[in-house]
Amino acid sequence: MNFDPRIGEAFARLPDYLGNHVLVSATALGLGLLISLPLAIAATRRPGLRWPLLAFASLIQTIPSLALLALFYPLLLGLSALTERTFGAGFSALGFLPAVVALTLYSMLPVLRNTVTGIVGLDPAIKEAALGVGMTPRQTLFMVELPLALPVIMAGIRTAAVWVIGTATLSTPIGQTSLGNYIFTGLQTQNWVFVLFGCVAAAAFALAVDQFLALIERGAGERKRAPIALGVAGLAIILAASLAPVLGRPAATYIVGAKTFTEQYVLAALIRDRLASADLTASRRDGLGSAVIFNALLAGDIDVYVEYSGTLWTNQMGRRDVRPRGEVLAELDTWLRQRKLRMLGGLGFENAYALAMPRAKAAALGVRSIADLAAHAPQLSIAGDYEFFARPEWAALRDAYGLRFRAERQMQPDFMYQAAAAGDVDVVSAYTSEGLVAKYDLVILDDPKRAIPPYDAILLLAPKRAGDEKLAATLMPLVNAIDVEKMRAANLRATTSSPEEVARWLWEQVRPGR
Amino acid sequence: MTQAAIVLDNVTKAFGDGARPALDRVSLRVPARQFLAVVGPSGSGKTTLLRLINRLTDQGEGRVLVEGRDARDVDPIALRRRIGYVFQGIGLFPHMTVAENIAITPRLMGWDDKRRGGRVNKLLKLVRLPQKYRGRLPSELSGGERQRVGIARALAAEPKIVLMDEPFGALDALTRDALGRDVRALHDKLRLTTVMITHDLTEAVLLADRVVVIHQGRLIEDATPKALMTSPRHAYVRELVETPRRQAERLGALVGKRP
Chain A
-6 MNFDPRIGEA
4 FARLPDYLGN
14 HVLVSATALG
24 LGLLISLPLA
34 IAATRRPGLR
44 WPLLAFASLI
54 QTIPSLALLA
64 LFYPLLLGLS
74 ALTERTFGAG
84 FSALGFLPAV
94 VALTLYSMLP
104 VLRNTVTGIV
114 GLDPAIKEAA
124 LGVGMTPRQT
134 LFMVELPLAL
144 PVIMAGIRTA
154 AVWVIGTATL
164 STPIGQTSLG
174 NYIFTGLQTQ
184 NWVFVLFGCV
194 AAAAFALAVD
204 QFLALIERGA
214 GERKRAPIAL
224 GVAGLAIILA
234 ASLAPVLGRP
244 AATYIVGAKT
254 FTEQYVLAAL
264 IRDRLASADL
274 TASRRDGLGS
284 AVIFNALLAG
294 DIDVYVEYSG
304 TLWTNQMGRR
314 DVRPRGEVLA
324 ELDTWLRQRK
334 LRMLGGLGFE
344 NAYALAMPRA
354 KAAALGVRSI
364 ADLAAHAPQL
374 SIAGDYEFFA
384 RPEWAALRDA
394 YGLRFRAERQ
404 MQPDFMYQAA
414 AAGDVDVVSA
424 YTSEGLVAKY
434 DLVILDDPKR
444 AIPPYDAILL
454 LAPKRAGDEK
464 LAATLMPLVN
474 AIDVEKMRAA
484 NLRATTSSPE
494 EVARWLWEQV
504 RPGR
Chain B
284 MTQAAIVLDN
294 VTKAFGDGAR
304 PALDRVSLRV
314 PARQFLAVVG
324 PSGSGKTTLL
334 RLINRLTDQG
344 EGRVLVEGRD
354 ARDVDPIALR
364 RRIGYVFQGI
374 GLFPHMTVAE
384 NIAITPRLMG
394 WDDKRRGGRV
404 NKLLKLVRLP
414 QKYRGRLPSE
424 LSGGERQRVG
434 IARALAAEPK
444 IVLMDEPFGA
454 LDALTRDALG
464 RDVRALHDKL
474 RLTTVMITHD
484 LTEAVLLADR
494 VVVIHQGRLI
504 EDATPKALMT
514 SPRHAYVREL
524 VETPRRQAER
534 LGALVGKRP
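Each protein sequence line maps, in turn, to chains A and B. For the first sequence, position 490 matches number 483 in our numbering, and the numbering has no gaps at all. For the second sequence, position 65 matches number 348 in our numbering, and the numbering has no gaps at all.
Treat the hints with care, since some could be wrong.
[Said to hold, decoys possible] Here are the simulated lysine-lysine pairs, DSBU-like style, with alpha carbons at most 30 Å apart:
id: 1; chain 1: A; residue 1: Lys120; chain 2: B; residue 2: Lys509
id: 2; chain 1: A; residue 1: Lys354; chain 2: A; residue 2: Lys217
id: 3; chain 1: B; residue 1: Lys443; chain 2: B; residue 2: Lys472
id: 4; chain 1: B; residue 1: Lys405; chain 2: A; residue 2: Lys217
In short, the hints are calculated from the structure, not lab data. Predicted model only: the values in this text are computed from it and were never measured.
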């Protein structure tokens, strides 16, 4: 029987992804219980505390989980900068910490609510009896209230556990490796086996934890030791088995960052391979948001990644003017140096924003450039990735050519091209190095007014690595080595092969002395 | 004069400002080994009176003495462990077995397992429950059996004083009668001081040595059962006594007609 090779690869990544997922969700849940249980008990003693506490927990629950996770990154970054200034020691604001803080908050509501309800709802005659037989308030709590409320409290803990495990998949974009890496990578590279694998793994993990907690709950309810022991043992085995590979692994010296799309995964894999070939251990942080990744580099949470000059020009430097390539790179270099970052050089290709449309449709309308498009735009619809319509490039294009479309839609990039090919949308935002543009027979429209700034792919090093000559020497062979045709071919390959395979293929194409 | 087990000295207790006090200037002296019944309608303040004795309710004005000491000066937890308490709602801990329920106060006081086990055996005999009930949960018992466990629990730490708040309130007539007689027998056998609250005057006069009547927070009658039944002074008490007397006369007539 032949299995899809992607299944084998998914299993190979399981120890890393699952281990990190267990680590972050177990820490968050443990911390959540440690905070919520005493708070809930305090609230049963002070009715005045009950309402604000539950209102606060409910409020947190209404924040979309992805946003909650994303919010803690800048918050902790600021805090880290503050401790750096006052105590001379910062901490990593990327990945584990923000994920744990957000998930801890997320776990609180069900535990708080069920504990308060469980204890407050007990028969008053029982509480009276506890006092009457001479129990102290503490004894009343531990001998009567908690044991009797335990089934309700356990139900809350089970809900919290399932929520935390599910939501932890969303901690990938803020740099915490989790089972969500399957889902985010899979979505980007059209690897549905990965997406499905990630969902099934997260669900199976949540289900297993829930069932073991249910055993403990049953044992507590029926006052039987065996189910409790079985449940605790089950949880302990899950923890130990999944954490062993993560904790036992030597920490990587270098961390390579990657944004949330295919090209970045391929380039991160390539950089990691290069480092490994020079005996520099490195790990990857995949799927970081555009804004997160630059700050992560500044803070030293990651050591190296591939950025695009235009992104820094508009997003970080806040520039609205469009300059020739050379000037942009020169100004950027100065700006980066001021921040103690090092630009090792360009990789040799541009990945600029562009507009594309199906070849047949463009020919039928006689559209070759964006200037031609402007006249037809009011009858056409356009789709862009999640960032596109909020980016200054779009504003620049729109203003330069007076573009006014019938409809604007946001889409996952890979679906976007398919939608254009199928005729669901007429024009799409595209990237010049994108492999799928050719696959779906789209044409990239010229930008005669040069409204879009240049987008050279550049290698950036963190401030603490700026003077690391071994690192620089190892990565130097990549500078000016990859032209746009090769990158496009690599990106196209990545729709059917894993980024690691494509990275090896790409290296064969560009290695010196080939 | 023997030392009184319980003394209430001009006690007033109000809940909230401006409200009519639940207890209004009540004085009462309960000698050791007396079985006192406190009778009154619901809301009369009789439960407040009971709760002041073991400080389930905190003292208002006046003094409460238990075994010669001001209840305010003793640790309320220690006080409650020294006084048996039987609840109207029975209040057994549903997650504990019969034996664990009975042995709870000794456990809180740090008795060892063996001593507790022996005490449970003895108490099961005293309240006439079979030993096989030890491991059962309260939910597996009948109402009467449950209150027997409640009484055993109140007696477990060998208290000298037992407070009972409508102990038979939730039981059927036959069970009430049987349990009532057993309680009286235990009172005599163990030389207890018992304060029992009831709204049933018949029960009070048949079991107690002395009956006090509380009405709207005031102590309005304090008499032996016989004196209460034959020469009640207060109008409310006369009314109260009327029903059981009439019932007794009619029952007597019915019984007398038999050949």
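Tested hints:
no.	hint	in the structure
1	A/Lys120 <-> B/Lys509	38 Å, violated
2	A/Lys354 <-> A/Lys217	72 Å, violated
3	B/Lys443 <-> B/Lys472	12 Å, holds
4	B/Lys405 <-> A/Lys217	28 Å, holds
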